[in-house]
Amino acid sequence: MDPCIAAAVAEAHRRDWGFVLAATARITRDLDAAEDCVQDAYAQALAAWPVQGVPARPAAWLTVVARRKAMNLIRRNDTLSRKLPLLAGAAAAPGPADDDYTAADTIPDDRLRLIFTCCHPALAAEARVALTLRLLCGLTTSEVASAFLVSEPTMAARITRAKKKIAATRIPYRVPPPSELPDRLAAVLDVVHLLFTTGHTAPAGQSLQRRDLAERALDLARMLRQLLPDDPAVAGLLALILLTDARRHTRTATDGQLILLADQDRTRWDRAEIDEGLALIRAALEHRPPTRYALMAAIAAVHAAAPRWEATDWQQITDLYDALIQIWPSPVVALNRAIAIGEARGPQAGLAALDDLATEPQLAGYHYLPAARAEFLRRLHRTGDARLAYQEARLLADNPVEQDFLTRRISELDA
Amino acid sequence: MAEYMVFIWDDEAAWAKADAGTIAANQAEHEEFIARNAAALRGGNRLHPSGMSTSIRRGADGGVAISDGAFAETKEVIGGYYLIDAADLDEALRIAVQVPAWFGGVEVRPVWTVGSLAAQ
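Residue numbers (the numbering used here), protein chains in the order written: chain A, 1 to 415; chain B, 1001 to 1120.
Bear in mind the hints are in silico, worked out from the structure with no lab data behind them. A couple of the hints might just be wrong.
[As the list claims (entries may be wrong)] Here are some, though not all, of the chain B residues that point toward chain A, as calculated from beta-carbon distances under 7 Å:
no.	residue
1	A1002
2	E1003
3	L1089
4	D1090
5	P1110
[Unchecked claim] Quick list of the computed label-pair ranges, beta carbon to beta carbon:
no.	chain 1	residue 1	chain 2	residue 2	range
6	B	A1013	A	K164	32 to 38 Å
7	B	S1053	A	H287	50 to 56 Å
8	A	L261	B	A1025	32 to 38 Å
Just so you know, even glycine gets a beta-carbon here, dropped at the ideal spot from N, CA and C.
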């Protein structure tokens, strides 16, 4: 196989799977059948493209082929529509004529329908993430399973059950009406954000980041921005992902060791992603009150604007956390706010703010709390207390890169 | 169109303590719900308290045991139900969200009709 062709098919798989599947599901009105047709279309591309060349618009080519397979499937088996559970609301749209790849412009982009179906609140949260990776991003069940550290049979059962629920309860294949859109979109954004954070700081495994997941999340956020260009919540999430992702090359040293935001080489932050993120912030903050992701993006933007950790506008960050905690009173936000207070007003103030959270049940077992206490204790030269806090954090941390970091902090105390 | 069963799960202890005004207001809300959704409603009613239930279980030996009380002991019990028609789950949820359930919540389940079972 010509490596250029293989690369073109792989690229089309990554970029266009969701588009092709979404368009095909409208014909089959069944997700499993649509997946089979799309899989066949990619297999056909591997055979056809070496002969006839890579088409000018691979997504259109693949969609026409997959939809033709879907039509054949329905013709061959005209009981299909009665036999299989149907996707509610997926009235078959007339497509372009069989061989008219150029008319594929008229294929509606159904990826929004697909993602709203995958992220429906009637599905379990873990199933929403799994379905989104599988159907929008084209990951195999085995890849989805390894992303979330569960066995392949477990993940296969989760996906099967979710698809069955979509069919049996008739979860519609439709973009929600404006009255329901904000709540339903929030569920979609939470899935994309969870994917990004899982990729940005892997909960376990040997490396800190899972770049494949972080990149999928970025792709999905860009897709949502393209399809919902006027939505401030979408702009906020994309800005947040870009501004956080911009630091990806500086978060670990060449030996894999963790480097804190304070110590990162900011000249190696991704300027293109920062600029793109900053440009979106204005759109994101226009909405009143600003959404949770827009405020988180604004915090990331303040960090991005500071040439050095010491030059960070901590008062502004504290103000942004004050606003964030109003709309999203989460203990983790309270923890980050306490850290910002410590940077703005000194370690004693930070420690006092952290101590207010000591009895918060949701933070019990969360290693960032003792790690933050340790940092302020260290600055106050309370070495013994700092050591105990670092040791507690190390016991609670799951990621080996973070464990190593805490071990180094402890040995630096002794030095 | 599909049928959905909307179960009303309520805390019976709370209802036992409710005053006449609460009971009347709840009744009025149900009447209002029924009037507003008449086109979609296929049936529905309230149920006597779970203390009025009689459970039947089949033993491994094929025998039948009849006992007083609900099938499972839970704080919330099914106090009533509506059977509704809806095009899809979103439409069913839009109706179900209006069902009064003062001391609990509602659960929506699609009806799996015996006819379609045979077809599959």
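So, going through the hints one by one against the coordinates:
{"no.": "1", "hint": "A1002", "result": "holds (5 Å)"}
{"no.": "2", "hint": "E1003", "result": "violated (11 Å)"}
{"no.": "3", "hint": "L1089", "result": "holds (5 Å)"}
{"no.": "4", "hint": "D1090", "result": "holds (5 Å)"}
{"no.": "5", "hint": "P1110", "result": "holds (5 Å)"}
{"no.": "6", "hint": "B:A1013 with A:K164: 32 to 38 Å", "result": "holds (36 Å)"}
{"no.": "7", "hint": "B:S1053 with A:H287: 50 to 56 Å", "result": "holds (51 Å)"}
{"no.": "8", "hint": "A:L261 with B:A1025: 32 to 38 Å", "result": "violated (55 Å)"}
Hint compliance for this structure: hints 2 and 8 are not met, and every other hint is.
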